[in-house]
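Chains H and W supply the protein sequences, listed in that same order.
Taking our numbering, the leading residue of the first sequence gets 38, the next gets one more, and so forth.
Taking our numbering, the leading residue of the second sequence gets 182, the next gets one more, and so forth.
It should be emphasised that the hints constitute simulated quantities derived from the structure, not laboratory data.
Model, not experiment: these values are computed from the prediction.
Beta carbons are placed, not taken as given, at the ideal position from N, Cα and C, and that holds for glycine.
It is possible that part of the hints are untrue.
Claimed, not checked - From the structure, some residues in chain W lie toward chain H, with a derived Cβ separation under 10 angstroms:
(1) A203
(2) Q206
(3) Q224
(4) R228
(5) P229
(6) E231
(7) N238
(8) G239
(9) E300
(10) I304
(11) P327
(12) G352
(13) P361
(14) P364
Stated by the list, open to error - Keeping only pairs whose Cα atoms sit at most 30 angstroms apart, straight-line, the calculated DSSO-like set for lysine-lysine is:
(15) H/K75 - H/K92
(16) H/K132 - W/K321
(17) H/K148 - W/K226
(18) H/K132 - W/K322
(19) H/K111 - H/K241
(20) W/K353 - H/K111
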Amino acid sequence: MSAIFPKWTNSLPLALGAVVAVVGGVVTAGVALYATPKHTRVGYEPVQPVPFSHKIHAGQMGLDCRYCHNGVEKSWFANLPGASTCMNCHNQVMKDDPLLAVVRDSAATGKPIPWVQVHKVPDYVYFNHSVHVTRGVSCVECHGRVDQMEEVYHAKSFSMSFCLDCHRDPAEHIRPTAQVTHLDWQWSTNEAVAAEMQATNGTKFVHDWKVESLQSCSACHR
Amino acid sequence: MRYILSIALVVLALPVLLFGLAGVQGRISRVPPIEVFPDMDRQAKLRPQEPNHFFANGTSSQLSPAGTVARSEALQTTAGAVYRFEDAPVNSGMITGTTNFVALNPLPVDEHLLLRGRERFDIYCAPCHGRIGDGNGITKKLGVMPAVANLHDQRIVAMADGELFYTITHGKGLMGAYGPLMPVEDRWAVVAYLRALQLSWLGSSDDLPVDQQAAFKK
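The following block holds chain H by itself, in its conformation from the complex:
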């Protein structure tokens, strides 16, 4: 009797299994790597109308974030500075530089500078800056080292798990409120000592400031 299936088909299940495993693996890895906010958002760096550099202003000159984002402690919204804030210095510094033409124009006419927003949570998420900033959550936790960025890019994923990771255990992340805008601040240059101090002081802050661990859906989806 002639065989219905030629001999090579014996290895077919194995080969198919291998192909499915590899293709499946690649697809899974591809989705995990490239289809989550860790890739779709992180690294987003829009072209801004003025090449404003946080590295120069916040890093090298050491301007406090609140000099420009002066609403961040009071409001849910961290405002961008008006052109008049820039003109406090740029009425003298680089007074006629073409790089700043848009800023001068805006200061003179009142027409806003068309900055492109980098960070933006979906509208079904409620977020609030002042709660975080006044509870000792530093800008660096959510925005990365802005003071080293020539142009601001999206440094963290802002996925739901990103928010929850901290909300489950705020003690790991909060620092003295006076250090919130000092992005390079740490308890100690020695990592082991810093971790230990974070653990003891974090727990203390959580207790003293009555920081809650907000995980219920209605905290962020209201």
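Assemble the complex: chain H is given as a structure, and chain W must be docked to it using the hints.
For chain W alone, kept in the frame of chain H given last:
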């Protein structure tokens, strides 16, 4: 067997190709993030500081119409509660109904106000006037702003508190206005702290409490 080998090769090449094309996770990109359900992500509501063509000036954040006054909460001054729209020293720096500056800070000066003042001074004034107010802030050190005033200048020390408040609120000469950036309480807090800074330069060791003088002179 040869087929299987070449299929295996292609399959194994896939991840390499994908990785090569898509690059490292989270690399810098100018392309805005994709929003899968844009109608859920962006609902029909206004966010601050966004373009909006409903209004003539094209922005969602509107200024209050001319002639309106914000009531908000009253400030507790040494002369009682004062609302923000009242013509009172705490709001203008001037004695009510005149253009004369008030001599003294209308807010009760306590430790809390001074600490607040120090924090705000370091944020809003130190970039130019320096943390000790001597005019050697970072802008002078960079050599980009030569004309910054030394706040220990005899003329400025002699100013009334109200005039300092007025200067912060409206700016003066080359200095911009800080009224739009700082609420009224913070401006008075800075005035109080600035007084403390000035005093620290004018004082002598005799001003210390007696029990500390000896330690200081050593």
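Take the C-alpha atoms of H/K111 and H/K241, compute the straight-line distance between them, and say whether it is at most 30 angstroms. Within the cut-off at roughly 24 angstroms; holds.
Inset, instruction - Identify whether the interface hint at W/G352 stands, where standing means a beta carbon of chain H within less than 10 angstroms of its own. - result: With Cβ-Cβ at 8 angstroms, under 10 angstroms, it holds.
- Query: Are W/E300 and chain H close enough, Cβ to Cβ, to be under 10 angstroms, as the hint says?
  - Reply: Constraint on W/E300 satisfied, holds at 7 angstroms.
Point to revise | Holds or violated: H/K132 to W/K322, with C-alpha atoms at most 30 angstroms apart | key: 18 angstroms, holds
**Message:** Interface hint check: W/Q206, Cβ to nearest Cβ on chain H, cutoff 10 angstroms. Holds or violated?
**Reply:** 5 angstroms, holds
Practice item. Identify whether the interface hint at W/Q224 stands, where standing means a beta carbon of chain H within less than 10 angstroms of its own. Key: 4 angstroms, holds
- [ ] Given the hint that H/K148 pairs with W/K226, test it: the Cα-Cα distance must not exceed 30 angstroms.
- [x] 22 angstroms, holds
Would the stated hint for W/G239 survive a check requiring a Cβ distance to chain H of less than 10 angstroms?
8 angstroms, holds
### Message
Restraint: W/P361 near chain H, CB-CB cut 10 angstroms. Satisfied or not?
### Response
Holds: closest Cβ of chain H sits about 7 angstroms from W/P361, inside 10 angstroms.
- request: Please verify that hint: W/I304, Cβ, nearest Cβ of chain H, below 10 angstroms or not.
  value: The hint holds - W/I304 has a Cβ within 10 angstroms of chain H, the shortest such distance being about 4 angstroms.
- Item | Hint consistency between H/K132 and W/K321 [alpha-carbon to alpha-carbon, up to 30 angstroms] | 16 angstroms, holds
- Query: Does the interface hint hold: is W/P229 within less than 10 angstroms of chain H, judged Cβ to Cβ?
  - Reply: 5 angstroms, holds
Figure legend: structure checked against the earlier numbered hints; every hint is met.
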